[in-house]
Amino acid sequence: MKKSSREKKGKRRWPGFIFLALVIVTYCILFILSRENVYRSLKVSGNILVNLIPVFIVVILFMGISNFFLKPKSVSRYLGKESGIKGWFIAAIAGILSHGPIYIWYPVLKEFRQKGMRTGLLGVFLYNRAIKIPLLPLLIYYFGTVFAVLLLIWMIIASLAEGKILEILE
Amino acid sequence: MNIGKNKKKEKRRNIFISIYEAFKNFGSAFPIFLGIILLLGLLRTYVSPQLISSIFRGEIFVDTLLGSVFGSVSAGNAVTSYIIGGELLKEGISLFAVTAFIVAWVTVGVVQFPAEAAILGKRFAFSRNLLSFILSIAVAIGTVMMLRMIP
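Protein chains in written order, with numbering that gives the first Met the number 0: chain A, 0 to 169; chain B, 0 to 150.
Since the hints were derived computationally from the structure, they do not count as laboratory data. A portion of the hints provided could be inaccurate.
[Stated by the list, open to error] For lysine to aspartate or glutamate, the following EDC-like pairs were computed, each having C-alpha atoms within a straight-line distance of at most 20 Å: (1) B/Lys23 to A/Glu169; (2) B/Lys121 to A/Glu110; (3) A/Lys85 to A/Glu35; (4) A/Lys109 to A/Glu35; (5) B/Lys121 to A/Glu166; (6) A/Lys114 to A/Glu35; (7) A/Lys163 to A/Glu81; (8) B/Lys121 to A/Glu81; (9) A/Lys114 to B/Glu20; (10) B/Lys8 to B/Glu20; (11) A/Lys109 to B/Glu20; (12) A/Lys114 to A/Glu81; (13) A/Lys80 to A/Glu110.
[Claimed, not checked] Computed footprint of chain A on chain B, listed as stretches where at least three residues anywhere in the stretch have a Cβ under 8 Å from a Cβ of chain A: (14) 53-62; (15) 65-71; (16) 135-146.
Yeah, the Cβ is synthetic: ideal placement off N, Cα and C, and Gly gets one too.
All chains, full assembly: derive it from the sequences and hints.
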């Protein structure tokens with residue numbers, strides 16, 4: 000029994016390593032074509048990684064704390080099938096307030112999903128991550144206040160539409 | 000007194016176990032993160048803003064569609080999309096295309112797709128990204144149309 004679960008875990012780990020290996024192979028091919036561009040790409044990637052380390056730490060702590068406090072029962076109450084309108088509201092606000100690149104939130108969301116989070120709310124959370132309150136001044140600077148307000152309204156509406164459609168498709 | 004102390008100790012231990020579990024879960028997704036970060040490096044080196052601006056032609060629907068396509072395949076911080084979007088606008092690219100570009104930049108993730116599919120499921124990742132792509136066009140058209148209606 001134990002062996003089969005270990006085998007399963009091993010199988011689940013492979014796609015990640017295969018993906019990384021494919022990227023490394025791409026780098027090797029490009030290295031033959033243009034060393035300079037590969038060095039530049041590695042420098043850009045290194046900078047991204049360094050900038051992300053603090054965000055990684057915050058996310059791990061967030062996951063740990065949510066593991067401790069959020070039991071499947073509470074996740075399904077606030078974000079599960081019986082969450083109602085409140086659930087949509089919580090998912091939208093959580094998406095707007097969350098920080099860091101989208102992909103570092105995937106493991107957190109996977110855990111929430113395993114604890115009973117609705118698929119539609121997962122979609123709402125991910126879509127609303129596009130709205131970043133601290134970045135609003137920059138959006139206003141480039142495109143104006145009216146544009147920024149209209150865009151935010153349209154994006155919240157789109158997030159709810161996406162959530163609903165994802166649930167229908169499920 | 001002792002029972003209270005033991006409870007506190009147990010609680011603290013459980014928090015550490017939860018954080019350790021989170022670290023392990025996060026670590027198992029790390030090869031994917033590393034792959035994405037390396038891909039982002041390539042994307043930023045090979046796809047320049049000049050290359051993007053040379054492709055737009057001035058037709059509303061085609062430009063909006065192109066804006067969504069470029070936003071989808073690009074990735075990174077939303078700030079970068081605002082800066083590129085703002086610069087594209089200065090170069091005369093339509094607001095429809097620029098809006099679609101910045102919306103798709105943050106809502107559609109072609110580069111992150113392998114990670115999303117591996118962690119949240121292929122079906123979910125495909126439906127979400129496809130829907131986000133279609134919605135980026137709708138949001139761009141809706142926002143800019145409404146903006147033009149406001150005196």
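Structure-based check of each hint:
no., hint, verdict
1, B/Lys23 to A/Glu169, "29 Å, violated"
2, B/Lys121 to A/Glu110, "16 Å, holds"
3, A/Lys85 to A/Glu35, "52 Å, violated"
4, A/Lys109 to A/Glu35, "39 Å, violated"
5, B/Lys121 to A/Glu166, "15 Å, holds"
6, A/Lys114 to A/Glu35, "47 Å, violated"
7, A/Lys163 to A/Glu81, "15 Å, holds"
8, B/Lys121 to A/Glu81, "26 Å, violated"
9, A/Lys114 to B/Glu20, "15 Å, holds"
10, B/Lys8 to B/Glu20, "18 Å, holds"
11, A/Lys109 to B/Glu20, "14 Å, holds"
12, A/Lys114 to A/Glu81, "13 Å, holds"
13, A/Lys80 to A/Glu110, "16 Å, holds"
14, 53-62, "violated (count 0)"
15, 65-71, "violated (count 0)"
16, 135-146, "holds (count 6)"
Checked against the numbered hints given earlier, this structure breaks hints 1, 3, 4, 6, 8, 14 and 15; the rest are met.
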